[in-house]
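Enquirer: Spelled out from the first residue to the last, the chains are:
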Amino acid sequence: MVTRFFLNVILALAWCLLQDEISLRQMVIGFLVGLLAMLFFPRSFHQERRYFRKAALSVRLVFFFVKELLIANWTVVRQVLALKLAIRPGIVAYPLSLQNDVLITLLANMITLTPGTLSVEVSPDRQFLFIHFLDVADVEEEIRLIKDGFERHLLLIAQ
Amino acid sequence: MQVPYLLDVLVSVLLLLGLFFLLTGTFGLLRLRDVYARMHATSKSTTFGVAGVVLASLLYLRYLGLSSGLKESLIVLFLFLTAPVGAHMIARAAYRAGVSLWQGGVVDDFKKWLDENR
Chain V
1 MVTRFFLNVI
11 LALAWCLLQD
21 EISLRQMVIG
31 FLVGLLAMLF
41 FPRSFHQERR
51 YFRKAALSVR
61 LVFFFVKELL
71 IANWTVVRQV
81 LALKLAIRPG
91 IVAYPLSLQN
101 DVLITLLANM
111 ITLTPGTLSV
121 EVSPDRQFLF
131 IHFLDVADVE
141 EEIRLIKDGF
151 ERHLLLIAQ
Chain Y
1001 MQVPYLLDVL
1011 VSVLLLLGLF
1021 FLLTGTFGLL
1031 RLRDVYARMH
1041 ATSKSTTFGV
1051 AGVVLASLLY
1061 LRYLGLSSGL
1071 KESLIVLFLF
1081 LTAPVGAHMI
1091 ARAAYRAGVS
1101 LWQGGVVDDF
1111 KKWLDENR
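Protein sequence lines correspond, in order, to chains V and Y.
According to this note's numbering, the first sequence is numbered sequentially starting from 1.
According to this note's numbering, the second sequence is numbered sequentially starting from 1001.
It should be emphasised that the hints constitute simulated quantities derived from the structure, not laboratory data.
Keep in mind that the hints are not guaranteed to be accurate.
To be verified - DSS-like cross-link-like pairs, simulated, lysine-lysine; straight-line CA separation at most 25 Å:
1) K1111/Y - K147/V
2) K1071/Y - K147/V
3) K67/V - K147/V
4) K54/V - K147/V
5) K54/V - K67/V
Build out the structure end to end from the sequences listed, making use of the hints.
Expert: What follows is the structure, given as structure tokens:
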């Protein structure tokens, strides 16, 4: 799962700190050394199906997230600076497909970091994520955008 | 110490961009009507704004050899880790404390769900 990839990234970062140099070169070396170190641990410790595929998907998710961040930031700046305040805020119940706690946390945090959306609460049965929107144009459309965006990426990683 | 022209421009652009986002965040805080909407303006623009300023400082100080840039990277990292958690907790606490949404809002599925499950 994602946690293994994060562990590897953390190991790479630790390597960079040890070298007192954060650069792409040291990151790559650290990543490889970390991977090697993980191989020496008992299988149960880093057991992971299709590890490399998931690592690649995680990297893709990071790029997707940065893209979304830039677009959404621009939208919110426009809404705040518009001459006439034309927003329709509201809290929408978003039906979750994910069942994994770590991935739901990740999804909720990404939604909060993306301007214009803010996760308020997760229902205890993991059925809904309640999201506050700065501007709800169309409830169905907003839900679809997250489903096809962040959640689709996370579901691929969860498989 | 003399700094190359290109670096000067890059650092200035990053600073201005960061300050623009911070200013927009403050403006939104004053302009928007309820806690929830205000969280959007502050928590997000601030993340971007601070990231811009810190990045500018990283580039400048690294060039001058005064810093390796590790601390700045850690600031950005922790900012992106803590900002969403803080915003989420404030919004959640506000809702639980009974802070109502601005009347111009259109939907409140959360209230519906709470009513059904009580």
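Enquirer: Among all the numbered hints in the text so far, which are the ones the structure does not match?
Expert: 2
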